[in-house]
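Q: Single-letter residue listing:
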Amino acid sequence: MKKSEINEQYFVKIVEEEKDLMFRLAYNIMQNIADSEDVVAESICKAWEKRDSLKDPAKLRNWMLRITVNLAKNAVVIRNRTKLVEDCGEYYSSKPDEGTNVWELVGELKEKESTVITLYYYRGFSVKEIARILHVPEGTVKSRLSQARKHLKDLM
Amino acid sequence: MDKRFDEKLKKDLVKDAGPLPESYKERVAVLLENLPHNQMEHKKKFKFRYAAVLAVFLLMASGARAAVNMYQEYLSSMSREDKKDLNERTQKMADNSDHFSRELSNNERDKIERLRDKYENDGLFAKEKILETDKKSEVKAGKLTFCYENSTFYIPDEELTDEEILEIIDFWERRDYAVKEENRGTQVSDKGQKISQKEAVRIAKETLRKVYGLDVDSVESSIEFDLAELSEKESMPSYFIYLSKDAWDYDTCTEVDSENGTVNQVSISHKTKEECVSGIKANEGKYEEYAGQIYNILSAIGEKDDDVEEICLIYKYRKDGTLSRGNVKYLVKLKDGSGYVFLYSANTELVYNFYKVYHYADTLRQENRKEKRQKQNGILEKRLTIQ
Chain X
5 MKKSEINEQY FVKIVEEEKD LMFRLAYNIM QNIADSEDVV AESICKAWEK RDSLKDPAKL
65 RNWMLRITVN LAKNAVVIRN RTKLVEDCGE YYSSKPDEGT NVWELVGELK EKESTVITLY
125 YYRGFSVKEI ARILHVPEGT VKSRLSQARK HLKDLM
Chain Z
4 MDKRFDEKLK KDLVKDAGPL PESYKERVAV LLENLPHNQM EHKKKFKFRY AAVLAVFLLM
64 ASGARAAVNM YQEYLSSMSR EDKKDLNERT QKMADNSDHF SRELSNNERD KIERLRDKYE
124 NDGLFAKEKI LETDKKSEVK AGKLTFCYEN STFYIPDEEL TDEEILEIID FWERRDYAVK
184 EENRGTQVSD KGQKISQKEA VRIAKETLRK VYGLDVDSVE SSIEFDLAEL SEKESMPSYF
244 IYLSKDAWDY DTCTEVDSEN GTVNQVSISH KTKEECVSGI KANEGKYEEY AGQIYNILSA
304 IGEKDDDVEE ICLIYKYRKD GTLSRGNVKY LVKLKDGSGY VFLYSANTEL VYNFYKVYHY
364 ADTLRQENRK EKRQKQNGIL EKRLTIQ
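Going line by line, the protein sequences match chains X and Z.
Per this note's numbering, residue 5 is the first one in the first sequence, and the count goes up by one each step.
Per this note's numbering, residue 4 is the first one in the second sequence, and the count goes up by one each step.
The following block holds chain X by itself, in its conformation from the complex (with noise of 0.2 Å):
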């Protein structure tokens, strides 16, 4: 009897629809690109290689995003435990005559908070299905975006 596995063109069909929420997911923790880069990749790696224990196929997108939050908090515990080696730059910046850009508020949330703002607003996905995402109960993404709303408020 053949195993079933999720196929590659079905995967690299995910990760291209969601490469970019990914980035800013891991940037909002990670706070410069070549860190946002590496948790990405990594992500993306350890999806594949344990794709089959991934009971519902269906819920490979969740997944991934579930993933990459996670590994991206990790390597914040790592890095501050490593040296630095290099400038590792930043992605978004402020023009002077347009005012903060917003994604440098975001930034300065708490994780729990930045990514649901991602999750929420940028990507539009629903309360159920970022408690989905994140394994959380509805009432915690209400609770975290409510939050998040507030500072922001205090921030802009």
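Think of the hints as simulated: they come from the structure by calculation, not from any bench.
Check each hint, because a few of them may be wrong.
As the list claims (entries may be wrong) - The calculated BS3-like cross-link candidates involving lysine-lysine, where the alpha carbons are at most 30 Å apart (straight line), are:
1) Z:Lys-95 - X:Lys-50
2) Z:Lys-13 - Z:Lys-378
3) X:Lys-146 - Z:Lys-276
Chain X is already provided as a structure; the job is to place chain Z on it using the hints.
A: Relative to the frame of chain X, chain Z by itself:
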């Protein structure tokens, strides 16, 4: 909900997003072109793999509780014997992943998604439980069966019916629930770690007692093990210990290195007050005076006063003299080049987070970069060096 704010935020996030870096797009393209075709062996880091497949890093203990609904009630009605049996059979499985006896069609994948939603939210459960068997030789052709010997769902050649899909979903949910329940409190494996779970909890309790004066008797604890990987050969194992008590104003999380028992990080979260708020007038004298408390905390976690080279106090404020995020940072430089970062809340008047950094110079460099960027946005910074 503020509709105008929401609309503006959505527009601004898209407008300010900018194109992705070229280096990033190229890197992803190369990765996708070279996806390895060999099945890689899944690493079994944890015995209780269905409870902790991904390394999870949590700083704050969450106070949120899942809403009770039909789905939760259904799972929690599982008998002790069923949970025990399901957990034991799952742990004995040699294969770390589930398989299907044939490839699922796109229609079947879509149905799984739709029916899972109804299962979780609308109480649409399977009429029967899936047939389970321990041996491949016992599988009957054409009948939906899960075989533990090779972790495979044997499914009919014809398109799966809704009932069959619900039986599969139901099996996944009951199994996850059973493994989680049966291994609650023992999800961390301290196999091979120099510091045991018990010792890590003791260290966490002692730290909170000394640093915050908390009464740690009869405290509730839960513990997670994290194996952050630096490279293929090097990893950083640590425990995250969540201690809580009704009488406390805080939820707490302490990270303890499982190799040497060092406290790497402590985080406390006030149950009713926010640590970061705007509108608080900066009070430099108070923050300078508080540096004495930083020394006390360092001493409580085993650092000697003599090892401290300097403390740099940093606070960011707006033109009206109010703190920009309601917090103050203390960067502690140790003589060996490492250091600590302390975050003090002007609202709760307490250090709510502190963590060790192994290269103080890099931490300072990152602060300098942030300062430049924030100055452009009208956020000013004051730094004082305290010996």
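Q: None of the hints should be skipped; say for each whether it holds.
A: So, going through the hints one by one against the coordinates:
no. : hint                  : result
1   : Z:Lys-95 - X:Lys-50   : holds (25 Å)
2   : Z:Lys-13 - Z:Lys-378  : holds (25 Å)
3   : X:Lys-146 - Z:Lys-276 : holds (18 Å)
In this structure, none of the earlier numbered hints is contradicted; all agree with it.
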